[in-house]
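Combine both chains into one complex, guided by the hints.
What follows is each chain in one-letter form.
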Amino acid sequence: MSSRSARSILPGFGLSLGFTVAYLSIIVLLPLSAAFIKTSGMSWDAFVEAVASPRVLAAYRVSFGISFLAAAVNAFFGLIVAWVLVRYPFPGKRVVDALVDLPFALPTAVAGIALTAIYARNGWAGFLEPLWAGGVGRLEQWMPWGSWAEWLGVKIAFDRPGIFIALTFIGLPFVVRTLQPVLEELEPELEEASATLGATRWQTIRKVILPELTPALITGFAMAFARALGEYGSVVFIAGNMPMHSEITPLLIITKLEQYDYRGATAIAVVMLVSSFVLLLLINLLQKWSRRHHKI
Amino acid sequence: MASAVSHLHKAAGPAHGHPSRVTQDSPWVRRSLTGVALLFLMGFVLLPLAAVFVEALRKGLDVFLQAFADPYALAAIKLTLTTAAIAVPANVVFGIAAAWCITKFQFRGKSVLITLIDLPFAVSPVISGLIFVLLFGLQGWLGQYLNAEAPWFPWLQQWLIEQDFKIIFATPGIVLATIFVTFPFVARELIPLMQAQGVDEEYAAVTLGANGWQTFWRVTLPNIKWGLFYGVVLCNARAMGEFGAVSVVSGHVRGETNTMPLHIEILYNEYHFAAAFAVASLLALLAIVTLVLKSIIEWRHGRANA
Numbered sequence: 004m005s006s007r008s009a010r011s012i013l014p015g016f017g018l019s020l021g022f023t024v025a026y027l028s029i030i031v032l033l034p035l036s037a038a039f040i041k042t043s044g045m046s047w048d049a050f051v052e053a054v055a056s057p058r059v060l061a062a063y064r065v066s067f068g069i070s071f072l073a074a075a076v077n078a079f080f081g082l083i084v085a086w087v088l089v090r091y092p093f094p095g096k097r098v099v100d101a102l103v104d105l106p107f108a109l110p111t112a113v114a115g116i117a118l119t120a121i122y123a124r125n126g127w128a129g130f131l132e133p134l135w136a137g138g139v140g141r142l143e144q145w146m147p148w149g150s151w152a153e154w155l156g157v158k159i160a161f162d163r164p165g166i167f168i169a170l171t172f173i174g175l176p177f178v179v180r181t182l183q184p185v186l187e188e189l190e191p192e193l194e195e196a197s198a199t200l201g202a203t204r205w206q207t208i209r210k211v212i213l214p215e216l217t218p219a220l221i222t223g224f225a226m227a228f229a230r231a232l233g234e235y236g237s238v239v240f241i242a243g244n245m246p247m248h249s250e251i252t253p254l255l256i257i258t259k260l261e262q263y264d265y266r267g268a269t270a271i272a273v274v275m276l277v278s279s280f281v282l283l284l285l286i287n288l289l290q291k292w293s294r295r296h297h298k299i
Numbered sequence: 267m268a269s270a271v272s273h274l275h276k277a278a279g280p281a282h283g284h285p286s287r288v289t290q291d292s293p294w295v296r297r298s299l300t301g302v303a304l305l306f307l308m309g310f311v312l313l314p315l316a317a318v319f320v321e322a323l324r325k326g327l328d329v330f331l332q333a334f335a336d337p338y339a340l341a342a343i344k345l346t347l348t349t350a351a352i353a354v355p356a357n358v359v360f361g362i363a364a365a366w367c368i369t370k371f372q373f374r375g376k377s378v379l380i381t382l383i384d385l386p387f388a389v390s391p392v393i394s395g396l397i398f399v400l401l402f403g404l405q406g407w408l409g410q411y412l413n414a415e416a417p418w419f420p421w422l423q424q425w426l427i428e429q430d431f432k433i434i435f436a437t438p439g440i441v442l443a444t445i446f447v448t449f450p451f452v453a454r455e456l457i458p459l460m461q462a463q464g465v466d467e468e469y470a471a472v473t474l475g476a477n478g479w480q481t482f483w484r485v486t487l488p489n490i491k492w493g494l495f496y497g498v499v500l501c502n503a504r505a506m507g508e509f510g511a512v513s514v515v516s517g518h519v520r521g522e523t524n525t526m527p528l529h530i531e532i533l534y535n536e537y538h539f540a541a542a543f544a545v546a547s548l549l550a551l552l553a554i555v556t557l558v559l560k561s562i563i564e565w566r567h568g569r570a571n572a
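Protein sequence lines, in the order shown, are assigned to chains B and G.
Our numbering numbers the first residue of the first sequence as 4 and each following residue consecutively.
Our numbering numbers the first residue of the second sequence as 267 and each following residue consecutively.
If a hint is listed, it holds; no wrong ones were tucked in.
Derived BS3-like pairs: lysine-lysine, alpha-carbon spacing no greater than 27 Å straight-line:
hint	chain 1	residue 1	chain 2	residue 2
1	G	K432	G	K344
2	G	K376	B	K291
3	G	K560	B	K96
4	G	K344	G	K560
5	G	K491	G	K560
6	G	K376	G	K491
No wet-lab data here; the hints were simulated from the structure.
Next up, chain G with everything else stripped away, as it sits in the complex (with noise of 0.2 Å):
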């Protein structure tokens, strides 16, 4: 009820409608503020952004198109694509299902699960890519299944070796370090907006007979699509452009475990800059897309409460 009777406040806007002047700035302070604040956002934000379009056409569209033809390229495009085509859908299933169960229901632990969700968060990529590590290695857990003597399951072990079963250096290793990274994302972004909502509609829909998945799909859903939407939008941002735990995964093979980021190190550490740049060109308008998506829903979202 305080969240509802918070957002009636903000609608209203008495604080932004009507400014008294003693609660102002004077006009000098105002505009050496917002001087400041431009300048900083400007050599911090805009100017490497323009940057990685700038360094991208310097030699030229062609060169720029170029670096696109490359098989190399188009293969490390592939990966990230299904990396995200993945990890995306993977961590949706998992964020509404955590959303639901914290926002819907009271329980023992709730904060401490709360706490846990947001732990990838809190560790390094390099540190998320070093556990798949130990656990999938070669020298890990799983090497160490695969080079046994007198392994548990013998039949498991050969069809494994049979199969020439890989995670790290492969494809799924990367496809597990991106879902890692990217885990709380959809969560984060659900959790407080279906708070926010409460649980009275959801009553209704099942005190008038709704079963579970109706209930879902018509109320719940229509109620939190446009967050859902963000989330997903940033969840695949960071999925597509994860570069440190995939660094550790993916044992850099080209054509084969090159993901964008990686195909970008490569070109640039090869003095390709161009190329480098024409590739990261694609990954800083996907950011750019999201931005703007993100603003769009903002509008959305606000226009919707006014």
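Bound-form chain B, shown alone (with noise of 0.2 Å):
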């Protein structure tokens, strides 16, 4: 590699940079600045009024609860498309493969409706409901967290498992996309090593190949859940949006903002915007952690 100076040849940096940096601070930086802004005038018992009475509280158990179990499961049926599309020939794959982007490119509005077309009683998969009333639905007492395995044997749509199937929608190609190209890169000669020294195939898998998956596996769960934490438009037609039992925390700034409650409405954005955050922060520390860990 060429050794860089300090200063570079090419021109254009100051022009560029201060676009870029001008752009950012004009859509991004200030207008985010206003929700953090608009709260810090509020007193603290409000705030906490504002952000912690049930109803709110409510609202975080579902978003989070559904979004870290649509990550769950994104995580475990990722791992295996991504498994199968970059390991094993298939007619057709090329379609399968560009399908895994569907999640990103279809508008939510039109996911939300469609899935609700599947998902509703009286819906393409209406016949599904016998299946989890009868099968997912008497899991629960062997479930320790009773509560969860309560409502998957209620109903599908215009309840909490319609808000699971639009998260695990949205979150797909998250998991798919991080792991694809690291699996790509695996190098053969680490499993035929392996199986030298006389380890079982499912003894490669466990030892050598998922250790070197974990890092894009965790940074694919985590994309996966931040997106689904945020999710407005899929979830809102087939969540049946219930207060207190199947409000999404988005949903419910959106009712804030109806009611004309604009302090309320900021303080539980200004939660939800501080644990995406944090949560983009962990998965910027986990990439590197990738990267590190691949390239020994």
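Structural data, given as structure tokens:
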């Protein structure tokens, strides 16, 4: 690599950096700071009341709980999808690979009404309901986290399972697309060496391949989780939106806005913003770790 | 240099050319994993996509076409196109400028800048709308200014009031929210691409006497055109499909501040399902075109590398 001197001979540094910083400040930083400034005018008690009332706490529980569950399911199935796409040849692979990006490209409102059409009571997958009610619902008695299993058994659309389905849809590309490049660059020599040393295929996967994939897998999980936390469009159509039960936090913000409770809405927004920034920071650290992990 | 080596390594493809038997899974494992993956994608991706078109055409082609004869639908399509026509070029100019300074120069705070560019990704669309309401809404700073008794620059206040100047619940707010939400897409597409390409070609051009614009138009742009093109396509798809942020700032006035996704919502909530899905099918088509273009670009790019 040519040694880069401190001063580049290429022109346009001042212009491009100046424009970038100015545009970033006007479009992103200034508006975002408005949320924090608006909240800083609130008294501490008013703030706590706005962000920790029972209805808001219930919305956090729904948002964080179901987003986590959806991201976990995506991590599991995303790993399988990425593995199949990288390792196995099969007809129509190019189309399947392109389809993975669909949740990223399809407008969320369109996804919302389409998923509702499928999973509503009289919808396409109405036949699945007895299965959910009878099969998954019965698991309830063995599951330690009773409340989650409880809703799994109830109904799909217009309730919490609908939120879960929408959030799984939304997060799908993140895990697959973070794992794919790592899997592609995984050297087959590692697996060969492991096999030569007498490991079974399962041992190789568990002790050699999975540890290599872990950073990317956690990154993909965190990205899907972060995306699911803020998702609005696809969820509102399918969720039923019952306060205290199936109301997600972004919807609660909109409800407060419609009641002209700007301070309440902004206070909740600040809580959500801080949690997503923490997640973003975590993702960045993970990616650094992943890169370092990979170089060794 | 490291990236160039890995590219060569990938192009030569020793990993996939001759799979040795010890690194292959048994046919049974292979088939069941492929089955699970395909079933998962079918239930969560293909089925919803198919549902859009089936539901749109369920009541026949006439009903489908009628959805677009509605003047409100046409107004919504027009507003969506206008919004994208402003938001996308704005973010393209920004994306190129950001990628240029980040990939061609060394400076302090670069990684902070990259993180800040990603920021809108981490913000919920609803909050993206909310912050513009806080700035420009009637209760916000702009509203306070317009209602102030003794404002700074009274002539400006007077002029704004005479113009009936509005950002929120009007097109400017929709455009601003859309720009915010689609902010990172072009930059995100260009930065890794230009990083991989390095600065050697630009150095050569400048050494041979080209000025900055010549270097950019004749050397950099031809190198990044496909990545830029995909960035534009993706940014456009997201701009036209944005729902949450636009929903907060729009005010939902039919024929005036309704974009296509908002029009879909209204139709759907009024139980005009066929019409809702008909408009949705246009946006779904846009998403499909986006994915097809992406595949074509990747395929061309892959071939150019080989």
